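S.K.: Assemble the dimeric complex from its two separately framed chains, guided by the hints.
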Amino acid sequence: MIRSTGTLARIGRVTGLVVLVIAAMVALGPLLWTVTTSLRTPAEAFGNPPQWIPLHPDFSNYSAVFDRIPIGRFFLNSVIVTGLIVVGQTITCTLSGYAFAMVSFPGRSVIFGIFLATMMVPLQTIIIPVFVIIRYLGLSDSPLSLVVSALGSAFGTFLMRQYFLQMPKELGEAARIDGAGHFHTFLLIYAKMAAPAIATLAILNFSGFWAEFYRPLIFLQSQENFTLPLGLVGLQGNLGTGSISVVLAGVVLAILPSVVLFIIAQRYFIAGITAGASR
Amino acid sequence: MAVVTAEVRNTVVKRHRHPAAHGEAPFGFAMIALSVLFVAVFTAIPIVASLGLSFFSWDVISTPEFVGLENYQRLLHDGPVLKSFGVTLGMAVAIVVLQLVLGLGLAVLVNQRRLIWVRTAFRTAFYLPLLASTAAVSIFMGYLFDYKFGVVNYYLGLLGIPNVPWLTSGFAAATTIVLIAVWQQVGFTFVLFVASLMSVPTDVLEAAQIDGAGPLRTLFRIKVPLISPTILFAAVVALINAMQLFDQPYIMTKGGPGSATTTVTISMYQKGFQNLQFGYGSAIAIVLLAAILVITGLQFLAARKLVFYR
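Taken in sequence, the protein lines are chains A and B. The numbers in the numbering used here rise by one with no breaks, and the one at position 236 of the first sequence is 236. Positions in the second sequence are counted from 1; adding 279 to them yields the numbering used here.
These aren't lab readings, by the way, just hints derived from the structure by calculation. Treat the numbers as computed from the prediction; the structure is a model and nothing was measured.
Computed spacing ranges between beta-carbons, pair by pair:
{"#": "1", "chain 1": "A", "residue 1": "Val110", "chain 2": "B", "residue 2": "Val372", "range": "28 to 38 Å"}
{"#": "2", "chain 1": "B", "residue 1": "Asn390", "chain 2": "A", "residue 2": "Ile189", "range": "34 to 44 Å"}
{"#": "3", "chain 1": "A", "residue 1": "Ile114", "chain 2": "B", "residue 2": "Val339", "range": "27 to 37 Å"}
{"#": "4", "chain 1": "A", "residue 1": "Glu170", "chain 2": "B", "residue 2": "Arg500", "range": "40 to 50 Å"}
{"#": "5", "chain 1": "A", "residue 1": "Gln223", "chain 2": "B", "residue 2": "Asn390", "range": "43 to 53 Å"}
{"#": "6", "chain 1": "B", "residue 1": "Val372", "chain 2": "A", "residue 2": "Phe66", "range": "37 to 47 Å"}
{"#": "7", "chain 1": "A", "residue 1": "Glu224", "chain 2": "B", "residue 2": "Thr342", "range": "30 to 40 Å"}
{"#": "8", "chain 1": "B", "residue 1": "Asn390", "chain 2": "A", "residue 2": "Ile264", "range": "24 to 34 Å"}
{"#": "9", "chain 1": "B", "residue 1": "Val376", "chain 2": "A", "residue 2": "Ile189", "range": "39 to 49 Å"}
{"#": "10", "chain 1": "A", "residue 1": "Ala43", "chain 2": "B", "residue 2": "Ala400", "range": "30 to 40 Å"}
Cβ coordinates follow ideal geometry from the N, Cα and C atoms, glycine included.
Here chain B stands alone, though its shape is the one from the complex (with noise of 0.2 Å):
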């Protein structure tokens, strides 16, 4: 019996020094194997293969044409798609802005709640919107924002407001557009700030009240510093969905009027997919994902300063 113990500590033992000793290598692979095929063919070598096919001219049908730095030459002098990469950045931090202040906002009020039911009960009402597809959203969006026979312009009609151009003029289609794109992801930000303002220690925030710190007082010096870790995460995931806008835009506004809500995303479809320029699509992909890479590279950079870890 003594001898079995010491054998298996001997091999417990061994197995951390030696893992591959062990045998347990095939397994290892064997294990990623699927996840390694997929993640390589569907995403790894995609993103390889991105850059690459930025220095092609394609068509998809004839042979890929080297040109070089041409698409990004051509890219710095397209008014329109400059014009895109403008757009979607105003919507993408109006959206995360909102998103975070109105997400922290409402977070801290369902939390001053004192019974359970009446929290799930908004927490239910502020999540049911992320269930419904942006496509579905933007289909009785559309409706509800529409010129003439819309309900919002109705009820403003009866406060004597004449008929709002929600969708169809220019500056109000981004507004519109961003406030349905608040309207729908805000609970994302919420739920996230619920659960971190759950973990904010009761000690502190009794001998905060005990110190005569009022309710605003409280919320800035104390829980919005103890949650910035969640805020950055928040600000980081909600920023990097931002850039990419697509669906809203594409369905409710087609990118209008004129180019109004034409966002990076809607560009690189037009290009690549409409006009089959697949070199040139993957351009503007690649100069997309370095913007992305850039603003969260800034976004910890701030928060070097910013963000307060436990």
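Bound conformation, chain A alone (with noise of 0.2 Å):
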């Protein structure tokens, strides 16, 4: 009796074992056929069955891909237009969040629920009205409109929020006595405990506007001032289906900062992803 319930464990063990191995297989078999593909010379590229794993690797399609498509100018505009967004929100947000946790002023809970409110609003649904303001600004086909019109955030704001709510006053109190001012009490005591937090908003930041496309559709017209996925879209129209090698090193070459980063500050994504959860 307990030897059969042992055995059905193990069985269970086992084929949750060969599930997950299949399921991983999934998730990570496209991303390595993009990889192996874009190292295939340009006219084996369409040859099935592909080539799991690079023999002889061919990379020339990572130079070819430069001088076919301004990708250096792509890849500096995303780096640009990321990086302004990441430091801006991480500026704004840490400031009004902590404004709203820890300073009394009037109007505060009237204002942090209008905030509150645009949450539930997706940027889709008022693409419009945005796209007239950056056009009155005269930013309309810059890189700056995507910036600008990213630079403050309710979420990132209810974010660094709930992070300095857990954080004592008594500290700060303590600081004021010794005669400091509200904001280096703020900049030297609270802003630096708020790390974690900082870095979670920045990487889920770094990640989303990276790769987006769908702002950078409706605001950039001329090719020069594209981000790398608006660009590598564009790249797969101009080249045809003629050298699919080309295009998959350009989207190598896209993903790959978002992978380093990953490794290198993983556990920041998770906190990302659960810090809307838990509430």
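M.R.: What follows is the structure in structure tokens.
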């Protein structure tokens, strides 16, 4: 009796492992194919069966992608846009998150309530007025339009506020007694303690805005202003199905920074996902 | 010394009673100024403006003309746009259900693994697709699911299965896009559920085991109810995202073949930004927003009966 449940449990565990391995192959297969096909010569790239292990890697596609389209330019645009948003939003959200959590001022709960309400509204449903405002500001077709319209974030403010709320107020009071001003108390005591939350917000924003396609598609018209995702889709269109290995080399280059960052800071990615759930 | 302490205590008490009187208010306003400015200009005002614009006819160049409810009346009789709402709803529900079921199943299986490095390896594997942009995914998936040269059809051919028109026939294209979206985003629900399952107290699980509950019974009677708040959160977030599905169909099928994968956001893009009908596009946006709010509300209503709060 006991032995039979033991055997059953073992069968269950082995079946579970088999299912997991198959699922992992499905999850990783398309990514692996993308990498290995980007290392095949353009002529071979279409040939089936695919080459799962690059025995004779051909790196020419990676230089070809720089020759055929301004991918260096796209890369630079993406770095500038994503970098400015990450830095800008970190500043605005840390400041306001702290104020909503730790500073008393009239209208605080009303303003924060409005912030919360806007969190419910998806970007796509307000994109037309945002586009109009961008146009009035004279920022149409400028990568800066992507930055300026993403500098404030109700979600980021909420995230930072939740983190500051857990901190003891006494620390700031003690510092104030020692003669520190409001801003110094914030900067030297609380902002330093909020480093994990700041890292989570920064990484969440990096991965979100680095991959963004929708706003660039709507805000940008000239190719020289394109960010990577938009430029790559254009590349696919320009080359047709002529040499997919070149296109895939571009795709690999676009994904690489996110993967590197994930390897370095995996826990902040996970924290970012679970941050909203634990309230 | 004693006087100083008393004074300090006094100040602290005062601070709590009359916060603004202590001179914090200007500091508070200064701290929120930037966020308020940017959230107001690029989120709050656009929400109101989107609603306002939906009562106008405007091509961006000439003066907007007030047309009352005309845009909404037009929407009610606009077959293709109405169809796009149906397409979106169908695809969104399929994506969310698959994301929840697969995410939960994989999370349960991964949590059963005893070795930490094995768990980390699987977690990384299921998370990796999330790191790619939807644009990148749409590009390589488009090649993989190509009718003639695609790797998927090649392997199916080896099994004697004739080529499947993954992206070139109506229903198949919608299904393929659903599968690709799930492939990429299942890591989101998976990570949430893994974290949540870890918080299920082991003594409860041990008690169930002693009482003779099998793994399936433990899953549905104990684990699922205990993590149901997380399931609700995942369902709400996943559905709000899925209702805005745009990148994959726009890049892989341009909403086609025909209008089989034309989602609401694609028809909004076509009307608003391609035909420059900003008023009509806004009306579509407002109806989409209303639909999202109603569905989210329904989810919370259903949750009252189904979700178990500890």
